[in-house]
Amino acid sequence: MTTITKTPGPRTASAGKAPDQKRDLKIATGLSHVALVAWALITAGPLLWVLLASFKSNTEIFLGKPFALPNSFSFDTYANAWSDAHIGRYFINSVFVVLISTAGTMLFGAMAAYVLARYKFPGNRAIYYLFVSGLAFPTFMALAPLFYILKGLGLLGSFTGLILVYIAYSLPFTIFFLAAFFKSLPYEIEEAATVDGASHVRKFFQIMMPMARSGLVSITIFNIVGQWNQYLLPVVIMSGPGADQKLLLTQGIAQISVSAGYQAEWSTLFAALVLTILPMIVVYAIFQRQIQSGLTAGAVK
Amino acid sequence: MRHGKYPFIIGFLVVPVAIYVTFVVWAYIQAFYLSVYEWSGLGPVENFVGLGNFRKMFDDTTFWQSIKHNVFLLIFLPIITVVLALVFAFLLNVGGGHKGGVTRGVWGSKVYRVIFFFPQLLALAIVAVIFGRVFGPDKSGMLNGLFPESWQPWLFLADERYAMGCILVVLVWQAVGFYVVLFSAGMGNIPTEVYEAAAIDGASRVTLFFRITIPLLWNTVQVAWVYLGIAAFDAFALVNIMTVDRGGPDGATSVLSLMIYRNAFEFSQAGYASALGVVLFFLTLTFAWVTLSATRRESVEA
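Residue numbers (full-length UniProt numbering), protein chains in the order written: chain A, 1 to 301; chain B, 1 to 302.
Be careful, since some hints might not be right.
Unchecked claim - Coverage of chain A stretches by chain B, computed from C-beta distances (three or more under 8 Å per stretch; other residues unrestricted):
1) 45–57
2) 103–111
3) 119–128
4) 137–146
5) 224–232
6) 266–274
In short, the hints are calculated from the structure, not lab data. From the three backbone atoms N, C-alpha and C, an ideal C-beta is built for every residue, glycine too.
Please model the entire structure based on the sequences and the hints provided.
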């Protein structure tokens, strides 16, 4: 980067303008990089710090020097976090719940969206708007009633209850997105299949679902990330007796964080965080492009 | 051909509708219903109080504190995030100038985009745990660790004056990358000829940014604004996990969402919590409506 500043001169359309602009460009590009590198450091800094701290002893952590290397790289803290702090179990719980609820969301969401998008019947619009209106309501509003509904059904503190709630709260956006998508697909192929005698169900699974693949992939990514990152719903639903075995990852880490405050088991907490973040980094490294486009496609209608 | 149409429609709709009505629609209806009762959450719902719960809010200092903090986030979260994201997205997509008739981003823009976006994949709860430590009030906190030995450690979250600012910083930290990618996608749709034509006319990058990028991206910016505004009404995970005494010190970080949660599940005030939920509902709707109508512009055809 140069320190030359451009003196503003009259812009005459003649020689001298081109090199001037070039130097301009160099300075601007240099400044751009400074800004971009700064934000990259701000983004990565806390995560690198967590990684380093996960190998440190509590004494080392309390020395300050956030980016100093640890005395030794031992994986004891990780073993502790995985088994003693139950991160392993929380992790498996989260994977289980998200797998089933995303699959359920996609199946039921696609079914409803397909019917609402491509069949005429009385009440079609009413049901569609019933689903889509869910987008406008803040989840917090329903918090207390939701708890008592689950309690009444005997589903409090159960994976079944949590999965059903995840599906229910993911349906508005999934249906909104997929209905638009199904509408945009051509009708000719479907008609041809009808002539050939394909049933409605068969047309859905064998023709429409494959044709809608790109839309389905986007919204699946959107739902996986959203459900994996849920914190509020598990906190409300996975409560009561016996629920401590069924905590999800976000909830479990938050709990460790609070109790770490008293026991000062910071290194275990940091190891637990790394164990949580690492799979995301791996998945992101592999599917980075699909994830970015999936999530942004999910955001803008 | 019409054979079996209705059984098919009903068969495909019955499960999704049943799940949705049970856990979403019914819960929202109940929220309106419960908001006019004083109900602890145990036993039958009785003791109708009409607007009593809403009147109670007027005298509740925590309520006004929470509103104040939500408004603080509502103003600063979208402004800071959108401005940072727009600038970064511009640098990444157009900042490299033109060579050989192609408008490019600066060198390495793909790498930046990947790094910036990553926080978006982390649960806000996890981000809260991380930043709870980053803002640690002694040398074990990352930021205080960066200060020289001789400095008095900052209290950050334990100081009433800075605690809310810390929350804002974390929300911005997490959100910027997502909007960089979102705006980049929007900028990708702007035909390069538009930039080239302007550049040939001698437009500087600042001019390009304000005269071309922003107007052509206005719809996306508007959507971003609404999303960030809605996020500003939440912040529950951060406040619940990060802050001293959850919402403290001394109510300095209390927000509406935390208040709803605590009233429902800790103070046995399910009726009051529902009333607060109804208020949140109207605030969110009003915000979305005001934003969308205030930012409406003639859309510019590219």
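Status of the hints after comparison with the structure:
Restraint check on the segment 45–57 of chain A versus chain B: 6 residues with Cβ-Cβ distances below 8 Å, three needed, restraint holds. Restraint check on the segment 103–111 of chain A versus chain B: 3 residues with Cβ-Cβ distances below 8 Å, three needed, restraint holds. With 3 residues bearing a CB less than 8 Å from a CB of chain B, the segment 119–128 of chain A meets the requirement of three and the coverage assertion stands. Taking a C-beta to C-beta cut-off of 8 Å, the segment 137–146 of chain A contributes 9 residues in contact with chain B, enough for the three needed, and the coverage statement holds.
Coverage of a stretch by a chain is defined here by at least three residues with a beta carbon nearer than 8 Å to that chain's beta carbons; for the segment 224–232 of chain A and chain B the count is 6, and the condition holds. Counting residues of the segment 266–274 of chain A whose CB falls under 8 Å from any CB of chain B gives 4; the rule of at least 3 is met.
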